[in-house]
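S.K.: Listed below are the residues making up each chain.
Number of protein chains: 2
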Amino acid sequence: MTVTVAIDCMGGDHGPEVTVRAALEFVRKHEDVRAILVGIEEKIRPFLSNADESRLVLRHASEVVTMDESPAFAIRTRKDSSMRVALNLVRDGEADVCVSAGNTGALMAISRFVLKMLPGIDRPAICAVLPTISGHVHVLDLGANVDCSPEHLLQFAIMGVSLVGAIEHRERPSVGILNIGEEEIKGNDVVKRAAELLKDSGLNFVGNVEGDDLYKGETDVIVCDGFVGNVALKASEGLVQMLAVFLRQEFGRNLLTRLAALIALPVIRHFKHRVDHRRYNGASLLGLRGIVVKSHGSADIFSFTNALDRAADTVRTGVLERISLRVAEQARQQVQGMA
Amino acid sequence: MTVTVAIDCMGGDHGPEVTVRAALEFVRKHEDVRAILVGIEEKIRPFLSNADESRLVLRHASEVVTMDESPAFAIRTRKDSSMRVALNLVRDGEADVCVSAGNTGALMAISRFVLKMLPGIDRPAICAVLPTISGHVHVLDLGANVDCSPEHLLQFAIMGVSLVGAIEHRERPSVGILNIGEEEIKGNDVVKRAAELLKDSGLNFVGNVEGDDLYKGETDVIVCDGFVGNVALKASEGLVQMLAVFLRQEFGRNLLTRLAALIALPVIRHFKHRVDHRRYNGASLLGLRGIVVKSHGSADIFSFTNALDRAADTVRTGVLERISLRVAEQARQQVQGMA
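First to last, the protein sequences are chains G and F.
Heads up: the first sequence is residues 73 to 411, going by the working numbering.
Heads up: the second sequence is residues 73 to 411, going by the working numbering.
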């Protein structure tokens, strides 16, 4: 089976310079993939000069959704944008998955408009994998929805649990809700009501978890609204960057510390690789009738290639079908539970 | 001048075992401080057996506000709690500052009830100092207010700027608002409207900042609602703990890496000390007619002592008077600007 990835080459802070180069790397690495490079032809072409183009197709799209355009504006006017055309390819079955580093709000809105939602799900959510002390955790939403109702948080939980169940073949993955205290009385009204819904959902709900629990690895899935999730994710990225600077400064302090650095280099390199957030790039937009992977806007080639890898993996493991089944099953149980 | 600190000895995860021992350490370290240990006498007494009690006073309070009590319940019924009595001491001028590691919501509510707000400020906000690549940043609110209006965020900005102006003698500290994108169209309605208020406030407003900007050090003050701030702060703490585990694992991998660890030990120790969140323990509750410092609930002795140090410093530098003046001045400018 060949996996065909539609790439929104104009999205992200760096555009084709990163996206097209990453696509070349991606196609070089995997024999079972094809990439459709969607975007303004004359901006993409220069990066393809010496490429073996047998598994690369260029699809011209005349417009670009910029980072500061509102979702409503993008959906109404950017009908020939690289983002929209790439999503159309998924809808029409010409591609298995769409990858974009573009405007998150627009990507969510256009995905929803073009691909439609799974039955029982109101809004797409961005789900990413984060490393933890004992493995990893799936967290959603990470920025697609800035205002969520308790019902939305419940749907995020169902989708997250379905995803983990599908890709890790787990029976009852645990799910927690991000809050500012473990006690039930803590938090805002939305979170409190969502916790009540989750308690009655039949899911393996572990209750409130706090910010530091994100990295403990005691919960399989953590749900939160997209505003909080996005801030927590980016704060973590910023913190890792700061710590890297501090580590460099400490090891560069004097001749003795520089010697220590030389000796500790392999260890430090291993450590840095382990916490490199670029390795975790590529979040899934869940809840749609199609697979969409969102890359970090500032992704470099290494990082964007990881998002492409993740997208291909998602297709290979049949995540969409499994999630659809699980969501339908979960929804059926919900209805039965309420009856 | 002697600084008198009223300590809520029953608050926090560990109670007197930590708070009283930290108080002993605190009094031993500083010649110019006194501590009033507030709480259940027979729980505090055992930790005082061999102490020089000349600058320690025990004040019995028969009740305890537990971590899971609602603020409304605590305020209504816990009239002889260690928290309430410690705050009364500040109100009555018997202490200069109150320090508590107890229930945050209750501390905020009781502080507000006992000490009252500064004119022009609706709610207290928790303001802490976080390390950044180039220094530090003051962030508020970190958990006192889970639902904030745009006007509250504006007030947080005024208080934060006043604090930095007061303690760092800066004319126009910069202030940003935490959001999920730098573009003006991003974020939820509250944040968007708050940004508009901030633009018209006459403050040195730099616009939206994102989660990773928390650690960049490009802004003096960052405001956010307490839910987001609390999650970001705790996520950061959890991440640092995870990285410490990873670092230990990498250095413990084999004989060679253990040798490297031995050589790199002084550097790693320096690094760990630099990012130890316990050093930053002690957040100020701003907006009140009195000084209240909130310690992390899970604080150990080292950490709680730092909160006590911070509290004493706040008194020594006359932060309350300076903030009161600045807030009044800022409010006056606001009114003029609107007229």
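In short, the hints are calculated from the structure, not lab data.
From the three backbone atoms N, C-alpha and C, an ideal C-beta is built for every residue, glycine too.
It is possible that some hints are incorrect.
[Unchecked claim] Pairwise CB distance ranges (calculated):
| no. | chain 1 | residue 1 | chain 2 | residue 2 | range |
| --- | --- | --- | --- | --- | --- |
| 1 | F | G324 | G | T389 | 28 to 36 Å |
| 2 | F | H132 | G | K344 | 51 to 59 Å |
| 3 | G | N326 | F | D385 | 29 to 37 Å |
| 4 | F | S206 | G | F185 | 53 to 61 Å |
| 5 | G | G165 | F | R242 | 58 to 66 Å |
[What the hints assert, rightly or not] In silico DSS-like cross-links for lysine-lysine, where the CA-CA straight-line distance does not exceed 27 Å:
| no. | chain 1 | residue 1 | chain 2 | residue 2 |
| --- | --- | --- | --- | --- |
| 6 | F | K271 | G | K288 |
| 7 | G | K344 | F | K188 |
| 8 | F | K151 | G | K344 |
| 9 | F | K101 | F | K151 |
| 10 | F | K271 | F | K288 |
| 11 | F | K264 | F | K344 |
S.K.: Work down the list of hints and note, for each, if the structure agrees.
M.R.: Hint by hint, here is what the structure shows:
1. Restraint check, F/G324 to G/T389: a C-beta distance of roughly 34 Å satisfies the suggested window 28 to 36 Å.
2. Checked against the given bound of 51 to 59 Å, the beta carbons of F/H132 and G/K344, roughly 54 Å apart, stay inside it.
3. Checking the proposed 29 to 37 Å range against G/N326 and F/D385 shows it holds: the Cβ atoms sit about 31 Å from each other.
4. At roughly 43 Å, the beta-carbon separation of F/S206 and G/F185 lies outside the given 53 to 61 Å, and the hint is violated.
5. Taken as a hint, the range 58 to 66 Å holds for the pair G/G165 and F/R242, whose Cβ atoms sit roughly 60 Å apart.
6. Distance check on the hinted pair: F/K271 and G/K288 sit about 39 Å apart at the alpha-carbon level, beyond 27 Å; violated.
7. Note on G/K344 and F/K188: the hinted pairing is violated, with a Cα-Cα distance of about 49 Å set against a maximum of 27 Å.
8. The straight-line distance between the Cα atoms of F/K151 and G/K344 is roughly 52 Å, outside the 27 Å bound, and the hint therefore fails.
9. Simply put, F/K101 and F/K151 have alpha-carbon atoms about 32 Å apart, too far for the 27 Å limit, and the pair is violated.
10. As the CA atoms of F/K271 and F/K288 are separated by approximately 22 Å, the hinted pair is consistent with the 27 Å bound.
11. Taken as a hint, the F/K264 and F/K344 pair is broken in the structure, with Cα atoms around 38 Å apart against an allowance of 27 Å.
When held up to the earlier numbered hints, the structure conflicts with 4, 6, 7, 8, 9, 11 and fits the remainder.
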